[in-house]
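Chains as they are written, first to last, in the working numbering: chain A, 1 to 325; chain B, 1001 to 1114.
If you are wondering where the hints come from, they were derived from the structure by calculation, not from laboratory data.
What you are looking at is a predicted structure, and each value in this text was computed from that prediction instead of being measured.
Any given hint could be a false lead.
What the hints assert, rightly or not - Covered by chain B, per the in silico footprint, the following chain A stretches (three or more residues, Cβ under 8 Å): (1) 26 to 38; (2) 260 to 270.
What the hints assert, rightly or not - In silico DSS-like links for lysine-lysine, alpha-carbon gap of 27 Å or less: (3) A:Lys159 - B:Lys1009; (4) A:Lys146 - B:Lys1113; (5) B:Lys1113 - A:Lys159; (6) B:Lys1032 - A:Lys303; (7) A:Lys303 - B:Lys1074; (8) A:Lys215 - B:Lys1032; (9) A:Lys229 - B:Lys1032; (10) A:Lys221 - A:Lys234; (11) B:Lys1113 - A:Lys234; (12) B:Lys1113 - A:Lys215; (13) A:Lys106 - A:Lys159; (14) A:Lys27 - B:Lys1009; (15) B:Lys1113 - A:Lys223; (16) B:Lys1009 - A:Lys109; (17) A:Lys223 - A:Lys203; (18) A:Lys229 - A:Lys146; (19) A:Lys106 - B:Lys1009; (20) A:Lys221 - B:Lys1032; (21) A:Lys27 - B:Lys1074; (22) A:Lys133 - A:Lys203; (23) B:Lys1009 - B:Lys1074; (24) A:Lys146 - A:Lys159; (25) A:Lys107 - A:Lys27; (26) A:Lys223 - A:Lys146; (27) B:Lys1009 - A:Lys221; (28) A:Lys107 - B:Lys1009; (29) B:Lys1113 - A:Lys203.
Backbone N, C-alpha and C define an ideal beta-carbon position, used for all residues, glycine too.
Read off the chains here:
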Amino acid sequence: MNATTVDQKTNVWEGGATRPLGASYGKMMMWFFILSDALTFAGFLAAYGFTRYKFIDIWPIADEVFTHFPFFHGNYPMYYVALMTFILIFSSVTMVLAVDAGHQMKKNKVITYMFLTIIGGLVFVGSQAWEWKNFINGEFGAVQLKDGKIIQFVNPEGKQIALEDFATPDNQTVEHTRKNGLWFEKGETTYEYTTNGLIEAFKHNPEVGGIRLEKLNPETKQKVVILDKNEALKFLEQSTRVVRGANLEVNEYGSSQFADFFFFITGFHGFHVCSGIALNIIIFINVLVGTYERRGHYEMVEKVGLYWHFVDLVWVFVFTFFYLV
Amino acid sequence: MAQQESNTKLIWTVFGYLSAITIVEVALGIWKPHGLHYTNFLGTSLLNWIFIILTLVKAAGIMWYFMHMNHERKNFVNSIIIPLVILIPYLVTLLLIEGSYVHDSIAPFVNWKY
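If we strip away everything but chain A, and leave its shape as in the complex, we get:
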């Protein structure tokens, strides 16, 4: 072989003279990064699976948690997250179209498709934020017992109702803020309802018919409902605080671990989407100023495309294990 030193140096970055794997150095390393990241996500989802099996009889039902759709009131499980999945798959398609156009050195097409990909990513992150907002704000409200169990309220037909459907706000505590409390540092979140007020309303208001436990009936795969008020009061007398929405400590839907894993895994995925958008924007600008036109190939678009498809790939699994299974 009579190759010059310069050629050999460039060859190293192209995978060496023999190119045992037939891929350039950069693309190969992107694949191995994706491999390690896939194992990370697999670890998270496996931990989610472990915890879910550990609390298999008290795990919240996803269909009852994620029921919102923009501009529509009512109960629409699954539709919104299905839409998000489509948005991400579609932005994957525009990405692969950009890579395809890059192979044919069609700069303008690459610009169009990269732009659409970035827009798709931004729409997805925005949708994710909306989903988080609904999850954090909650819908029905619940009370937590001293031993940590979550109790929800149902009407006499056994359908879940919100706190405001049967109780009137009775918590007059003024929440201090930095504006009116001189020495105010921070305090517990206060709610409009107190547990005593809720118990009184529960005793006297015919609108509320009973309570719903976290526990699932293995036969029906639905939560156990107690419509006997005296029986239900024995639970409510143990209540210690009112819960509305979700945070890392407690949530109105049931096991606190459910919210922890939801925030952590979708948050980590959302972080990947954000960094993917940032990378896409950098490459987009490079395409605009003609860096790859001068370089003679659009392999950078392909590499960042690999990462973007991986983000889509992870979402496919998050979608399955958080919303479907």
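Take the given structure of chain A and dock chain B to it, following the hints.
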């Protein structure tokens, strides 16, 4: 790099299949057929197994066509795929079995009567 022929048609076909699989998944998730939902096969319902299999098909479609694994050399593809198919099922199987065991150990001690 030499100009390659355009694969636009293939890309849209794959998109069609991925969308169809997603629609089937969502439809099954809303409908929850009784005969599939209330069954138990290897630790979960048949419906869940359908979801998992459809998801793996989707993932394979994305890797193979969108991430252009079909253009890579076979030993490179193997160096990516083999660690995944060995390590992930191994970890998941162990953790799910242990999770069930922990549940069986602690659940009888949770009090549901007051």
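Given the hinted pair lysine 223 (chain A) and lysine 146 (chain A), is their Cα-Cα distance within 27 Å? holds (20 Å)
Would you mind confirming whether the straight-line C-alpha gap from lysine 229 (chain A) to lysine 1032 (chain B) stays at or under 27 Å? violated (32 Å)
Given the hinted pair lysine 1113 (chain B) and lysine 223 (chain A), is their alpha-carbon gap at most 27 Å? Cα-Cα ~16 Å, so holds.
Is it true that the CA of lysine 215 (chain A) sits at most 27 Å from the CA of lysine 1032 (chain B)? holds (20 Å)
Hinted pair lysine 221 (chain A) and lysine 1032 (chain B), Cα distance within 27 Å: Within the cut-off at roughly 12 Å; holds.
Holds or violated: lysine 1009 (chain B) to lysine 221 (chain A), with C-alpha atoms at most 27 Å apart: violated (44 Å)
Are the Cα positions of lysine 27 (chain A) and lysine 1009 (chain B) separated by 27 Å at most? holds (25 Å)
What's the verdict on lysine 146 (chain A) and lysine 1113 (chain B), does the C-alpha distance respect the 27 Å limit or exceed it? holds (13 Å)
Lysine 107 (chain A) and lysine 1009 (chain B) were given as a pair; does the straight-line alpha-carbon distance stay at or below 27 Å? holds (20 Å)
27 Å limit on alpha-carbon distance, applied to hinted pair lysine 229 (chain A) and lysine 146 (chain A): holds (19 Å)
Given hint lysine 203 (chain A) paired with lysine 223 (chain A) - CA-CA distance at most 27 Å: holds (22 Å)
Is lysine 1009 (chain B) close enough to lysine 109 (chain A), meaning Cα to Cα at most 27 Å? holds (16 Å)
Of the numbered hints stated above, those contradicted by the structure are hints 2, 3, 6, 9, 13, 22, 27, listed in ascending order.
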